[in-house]
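> Starting from the given sequences, assemble the full structure and let the hints guide the process.
Read top to bottom, the protein sequences are chains A and B. Be aware that the first sequence starts at 1, since it is given in the UniProt record's numbering, and climbs by one per residue. Be aware that the second sequence starts at 1, since it is given in the UniProt record's numbering, and climbs by one per residue.
Because the hints were derived from the structure by calculation, they are not lab data. You may find that some hints are simply not true.
Unchecked claim - Below, a list of computed lysine-lysine pairs in the DSSO-like style, where the Cα atoms sit at most 27 Å apart:
#1 B/K13 with B/K39
#2 B/K39 with A/K86
#3 A/K86 with B/K50
#4 B/K39 with B/K8
#5 B/K13 with B/K50
To be verified - Per the computed footprint, the stretches of chain A lying under chain B, defined by three or more beta-carbons under 8 Å from a beta-carbon of chain B, are:
#6 68 to 77
#7 137 to 147
Heads up, the beta-carbon is just placed ideally off N, CA and C, and yes, glycines get one too.
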Amino acid sequence: MAAAEHIGLQPVQAAAGGGPPLDEEESVLATFERVQLLAAAQDLGEGTLFITQWRVFWLAAAAGYSVDFAAIVMHAVASDDESFGKPCLYCQLDSEEEGEGGLGGSGSGSEEEEGEGGQADVLPEMRLIPADAAQLDDLFQAFCEGAERNPDWSEDEEEEGEGGGVFFDEDEVLAGAAAASLGMGDVDELVGQDPGRFEDAEGDEFEEFEQQAAAAAGGSERQPNGGC
Amino acid sequence: MLFYSYFKTLVGKEVTVELKNDLAITGTLHSVDQYLNIKLNNIRVVNEQKYPHMLSVRACFVRGSVVRFILLPPGSVDVELLHDATRREARGG
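Laid out in structure tokens, this is it:
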């Protein structure tokens, strides 16, 4: 069953009672009977799908797999040739989690990335085809809720290192940070050492000066006084 | 929260979501949550020739962390408003 493992499904053994091997504090929230699993293009037959707080189990007589919701990149209601024209839940999995390269899949690869992992050109995908197509909307909904319960496992990392941070950094540089660092703080410091320093100007003008310094954000007004 | 608030105003509009794996999907924005998970309806795949099997997708859910870009409908971009909002957010307000 290499295909299943290659796309990031974890092989599991059914528990003694035939159900999924749950961790502590894990419980089955929903069950879908008679769901056919296609891992990449490999048909693994029909099994039972169990939804828990943070992962999905698929158990059949011959094999069993689990996948964390956090590793499911997207899921969609679809029907295509690969699913024999039947409506299915199409899922793309995150291949980075396993850190495996060379998935050797089909279809997409135009660019070959040789670096870490196989995240670039191969889609690790699976399809879940319920025998009863009417279950599909419930299945979709269950996966949505699962994803919402399981935001990124590396949330902190994301916040620090991701594009969002860069965006705000840039904005701060352009607007806020320059004014903040060159503006009030420095002026206060200068005034603090010599309260009379700016007194020769009218009181109102000092305010004006502050505003100018903040607006210009270049600190050029500050330089003549800078040698303290 | 800026992005979340803004994207909520786009519900019902057509957007294109590009994933970090290069898949790009156009669809009607159905909902967005605080993690910027995105649900789309009436989907079509932009780079169809590369992902022919995605043609038949109806509704889809994209995990926020795998989104690279979201292409916005031009009519829904109020530059002044966004400018203000980003400034305010940058000041931590």
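> Which of the numbered hints are not met once you compare them with the structure shown?
none
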